[in-house]
Amino acid sequence: MQSIKNISLGLFMTLITSSIYAGAQISNAKTATVTIRGNSRACKTQIEKAGTQKKQAQLTWDPSTQKAALVYNSHTTTKDAVLRRVALAGFDNESYNAPVTAYQALPEGCRYKGNITAMHPQKDTCDAPMEQHRDHAAANATVSKLESLYQSYFSIQQALVRSDAKTVAQKAGELAGLVRSVKMGELSAREHNVWMSVMKKLDQQAAALKGASGIEKQRAAFASLTETLYPLIKASGSPYKVYYNHCPMYHGGAYWLSKEQGIKNPYYGSKMLTCGSTKETLQ
Amino acid sequence: MKQFKTILLLLLFITAIRQSYAQRIKRYDLYVTDTMVNYSGKHKMAIAVNGQIPMPTLEFTEGDTAEIVVHNRLKEPTALHWHGVFLPNKEDGVPYLTQMPIEPGTTYTYRFPIIQNGTHWYHSHYGFQEQTGMYGSIIFHKKAGDPTFRRGIDDLPSVPVILSEWTDIMPHNIHRMLRNANDWSAIKKNAVQSYAEAIKAGHFKTKLVNEWKRMLAMDVSDVYYNKMLINGKNESQLSQFKAGDKVRLQLSNGGASTYFWVHYAGGKITVVANDGNDVEPVEVDRFILPPSETIDIVLTVPEQGTSHELLATSEDRTGTTSLFIGEGKKQLAQPLDRLKYFEGMKMMNGMMRMNGSMNDMGMDMSLQQMDMNTVMYPEISGPAVRGKEKRKQQTSTEKEHSNMQGHTSMEQKKDRTVAARTGHGHHSMQADPAMPPAIVTLNYNMLKAPHKTVLPENAPVKELTFTLTGNMNRYVWSLDNKVVSETDKILVKKGEIVRIKLYNASMMRHPMHLHGHDFRVLNDKGEYAPLKNVIDIMPMETDVIEFEANAEGDWFFHCHILYHMMAGMGRIFTYQNQAPNPYIINPQKAIKKLYRDDRMFFLMAGNEVASNGNFGAALYHNTRWAFNAEWKLGYTAKRGHEVEASFGRFLGQMQWFRPFVGVEWTYRKDSHEERDLFGQQFEHDGKLRYNIGFAYTLPWLVILQTQLDTRGQVRVELGREDIPLSKRLRGAFSLDTRREYMGGLRYIVNRNLSVSANYNTGYGFGGGLVLTY
Chain Y
1 MQSIKNISLG
11 LFMTLITSSI
21 YAGAQISNAK
31 TATVTIRGNS
41 RACKTQIEKA
51 GTQKKQAQLT
61 WDPSTQKAAL
71 VYNSHTTTKD
81 AVLRRVALAG
91 FDNESYNAPV
101 TAYQALPEGC
111 RYKGNITAMH
121 PQKDTCDAPM
131 EQHRDHAAAN
141 ATVSKLESLY
151 QSYFSIQQAL
161 VRSDAKTVAQ
171 KAGELAGLVR
181 SVKMGELSAR
191 EHNVWMSVMK
201 KLDQQAAALK
211 GASGIEKQRA
221 AFASLTETLY
231 PLIKASGSPY
241 KVYYNHCPMY
251 HGGAYWLSKE
261 QGIKNPYYGS
271 KMLTCGSTKE
281 TLQ
Chain Z
284 MKQFKTILLL
294 LLFITAIRQS
304 YAQRIKRYDL
314 YVTDTMVNYS
324 GKHKMAIAVN
334 GQIPMPTLEF
344 TEGDTAEIVV
354 HNRLKEPTAL
364 HWHGVFLPNK
374 EDGVPYLTQM
384 PIEPGTTYTY
394 RFPIIQNGTH
404 WYHSHYGFQE
414 QTGMYGSIIF
424 HKKAGDPTFR
434 RGIDDLPSVP
444 VILSEWTDIM
454 PHNIHRMLRN
464 ANDWSAIKKN
474 AVQSYAEAIK
484 AGHFKTKLVN
494 EWKRMLAMDV
504 SDVYYNKMLI
514 NGKNESQLSQ
524 FKAGDKVRLQ
534 LSNGGASTYF
544 WVHYAGGKIT
554 VVANDGNDVE
564 PVEVDRFILP
574 PSETIDIVLT
584 VPEQGTSHEL
594 LATSEDRTGT
604 TSLFIGEGKK
614 QLAQPLDRLK
624 YFEGMKMMNG
634 MMRMNGSMND
644 MGMDMSLQQM
654 DMNTVMYPEI
664 SGPAVRGKEK
674 RKQQTSTEKE
684 HSNMQGHTSM
694 EQKKDRTVAA
704 RTGHGHHSMQ
714 ADPAMPPAIV
724 TLNYNMLKAP
734 HKTVLPENAP
744 VKELTFTLTG
754 NMNRYVWSLD
764 NKVVSETDKI
774 LVKKGEIVRI
784 KLYNASMMRH
794 PMHLHGHDFR
804 VLNDKGEYAP
814 LKNVIDIMPM
824 ETDVIEFEAN
834 AEGDWFFHCH
844 ILYHMMAGMG
854 RIFTYQNQAP
864 NPYIINPQKA
874 IKKLYRDDRM
884 FFLMAGNEVA
894 SNGNFGAALY
904 HNTRWAFNAE
914 WKLGYTAKRG
924 HEVEASFGRF
934 LGQMQWFRPF
944 VGVEWTYRKD
954 SHEERDLFGQ
964 QFEHDGKLRY
974 NIGFAYTLPW
984 LVILQTQLDT
994 RGQVRVELGR
1004 EDIPLSKRLR
1014 GAFSLDTRRE
1024 YMGGLRYIVN
1034 RNLSVSANYN
1044 TGYGFGGGLV
1054 LTY
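As you go down the protein sequences, you meet chains Y and Z in turn.
The first sequence: position 165 = 165 (my numbering), numbered continuously.
The second sequence: position 289 = 572 (my numbering), numbered continuously.
Be aware that a few hints might be false.
As the list claims (entries may be wrong) - Looking from chain Z toward chain Y, a few residues come up when the C-beta cut is under 10 Å (computed):
#	residue
1	Pro440
2	Glu518
3	Leu521
4	Met637
5	Glu662
6	Ile722
7	Val723
As the list claims (entries may be wrong) - Facing chain Y, a subset of chain Z residues (Cβ under 7 Å, in silico):
#	residue
8	Val567
9	Lys613
10	Gln614
11	Ala616
12	Gln617
13	Leu619
In short, the hints are calculated from the structure, not lab data.
Predicted model only: the values in this text are computed from it and were never measured.
We put the beta carbon where it would ideally sit given N, CA and C, even for glycine.
Based on the sequences and whatever the hints tell you, model everything.
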């Protein structure tokens, strides 16, 4: 019995000692000189940290020559495996170019290629059709008198997507003002009818949103505001497409209106950004 | 002379016609052999066909007749299934259902006319052979003059690409470990989600609630793979393509259980076909390829002298494989970061009811449009925030709210760090601070057939509903809580339309595959609903598929995750009054062999050799039945010996309840009468006692066992094993009404060995080694 105790104790000891001595030396060592791009001393630590791995590889980079001395265990790793890690940390080298996003994540002083943009900026493709819609809207004479009100709603919606409580508060103030200043006589007949039924509620809800403190309260106020605004914007017949979207999770189901096709959920910020579905497209 | 000319012309014309309509027979010989491979640094056994893994790519043109001769040089039987191919049922390659297995040393010929076009693949349908190398591409080209030929797509240079995975552990052993809820895979994947890790991530409560709801740690996949492969290699290059070139890749997922995320360093991906059927081109940033699906994509080589990475990442993000497209230096794609498991766990907690069913909160989810796992994707929902930082951020946001002015600088700073960590550059921040990039992911609602796919209007409709059910803890997967062997074949009539509604009530996604038919996936595209033969259903989703019953035979409909199929997740469709299959002489006997798969028993055993005694347990179980044995043997008769055994059946979908009958024997030298908590007298007298009782899994996975023995004595025991304290440390405890208490700790060294320490009222303190199988 005592011997079994001793065995297990011994086993523990070997475990501990082997972990202490790990990483001391690289066996089956092979050396190579590799080219790695970078512009300053600041990059040095990052490059070396990315390339060096316990017992596997040791990388020493010289900023002046953009060359690095690499010692690696040729049985367990390869030169390319080390250079791949260096590239994934953001540094182009003789074998691999860094992914754009990894490069952009480098600290400013370390961006040796200056500021580069992604090869396929998604922004442009998204915005282009919207721009057209706006032009179209300008050309169209029958722009609703409520347009500015809608625009401020959309600004709030976009700010909620970013969880930007400050902008929401600011735009909510603007919205509350706009609701008060609507001149009923200038509205179209259809709008007028709906306006009469939602006016009071809209005023209260805009005020509630303005007064809401904190992003969560703002979101709750925004949910009820949307429901009131929906019949109105439908009656206005917007010159561009408006998407009526549904988020089934938020407080047992909530809607939001958006100018953008594709789901960007304002109720959870980045957590559940793409949760939801378009229920109706208004135009 | 003129007449002669016309005759000659006519003759030429006839021969031309005969040539184009002649049945062109194309033959392939496949030699199946055992082989040794080394993907991970260790030599392991695998199966090669014509000396290669994957199996060779077979190419035909629509109208050809395929003749594929299989020479089985293995020591075990085999059978090949042609996935997604329309063919006579007897050529379908499901052993014991459409043919008898191809015995070792024999030759077998598959022969069928090619009546479709597109990207398909083939694999062994025998046992676990698909996991060990038996998968390959099979491509059917459109014939010349096909009206569906698409210029700019079908005339592009095409490369068949097959994705797969490799594991050093033998697949039948993987299956056994899965059935035994062995968490060695989770340790290797760093996905144990233990209490220590939960506390570190600030998610202690999440973990507690999760276990309270009787869930074991969940991952998006179950098996640890050593390597992910594209065409049998971890990294390869297509250097024949130059800048500006477009290339069409014909991807198949030949992996046994891995879903692959695919994205491209060179920009957008255009999807042009799915499951061998053309779809209207659709541009995406990435897509997930479920096991056994095929997809055709078009990529552009954007730059001279640079090859761009097509990166395939396993869904659990533990492995990647890449294909570089173009010549020159390699441009890497941004890798996908580790999953935020505790965010996923938190989401699961919200969805799971106490009875084990799931609450979709009124969301009618379908067609992969709402991926609940998004909460775990750092590239979309932001990087993981550790416990300390989380608390700090909370207080800082509160502060901002109460005092909105004067905190702008702080807020901005925070935004910047978040953006930097997500990998957003400076430029994107200016446009939209802290806004995650809009990543367009393919889903089934984006697929539109290029032509109408409506089925005959007047045909009778047979409506079926299946609920996909499963139980993670015991790794039981089924439809409507029944496995293949527990159900009859489903009878359909030729000419009728079969409409199937599928609801996934299990916690994992399942790629459901139908043999021999394409079905319409009902989506927003109405008459242009896409045709597919695999449908991936995420948890809580409902999808409707329909197909025309137009090919007689016995057709398998099953989950294409190999280990789920082997557990019995499937059904068999059969046609009324169909002609018997000439290859199956005795159908009753044959089908029993097929049923054997999901009736299989698995052994799990552990024995602790400690300083205070020898303790162990064994479990021999299948989907419904379990034989348990437990022993505690002191080294001296004075310490005593205890042996218990029982045989019981699991009830219900979650299998929390297990009634059993058993036998018990305890002996201790010089034992005297003792009293238990109920005041009953008992003695360790070395006499056999028979008992009946039940075991029930309580919240927090504590097992309550109550039994009544032949002397009328009642005994109640509470206990839990394998409490995940840290990545490799497990805790255990038990207490019972005989005032016997036990507590133990176990540190997992490797798959079969642990170091342990325990305390037991009967045996005292001890330490030792645990061997597990």
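Against the structure, the hints:
| no. | hint | verdict |
| --- | --- | --- |
| 1 | Pro440 | violated, 22 Å |
| 2 | Glu518 | holds, 8 Å |
| 3 | Leu521 | violated, 17 Å |
| 4 | Met637 | violated, 20 Å |
| 5 | Glu662 | holds, 9 Å |
| 6 | Ile722 | holds, 8 Å |
| 7 | Val723 | holds, 8 Å |
| 8 | Val567 | violated, 11 Å |
| 9 | Lys613 | holds, 5 Å |
| 10 | Gln614 | holds, 4 Å |
| 11 | Ala616 | holds, 6 Å |
| 12 | Gln617 | holds, 4 Å |
| 13 | Leu619 | violated, 11 Å |
In this structure, the hints that do not hold are numbers 1, 3, 4, 8, 13, in rising order.
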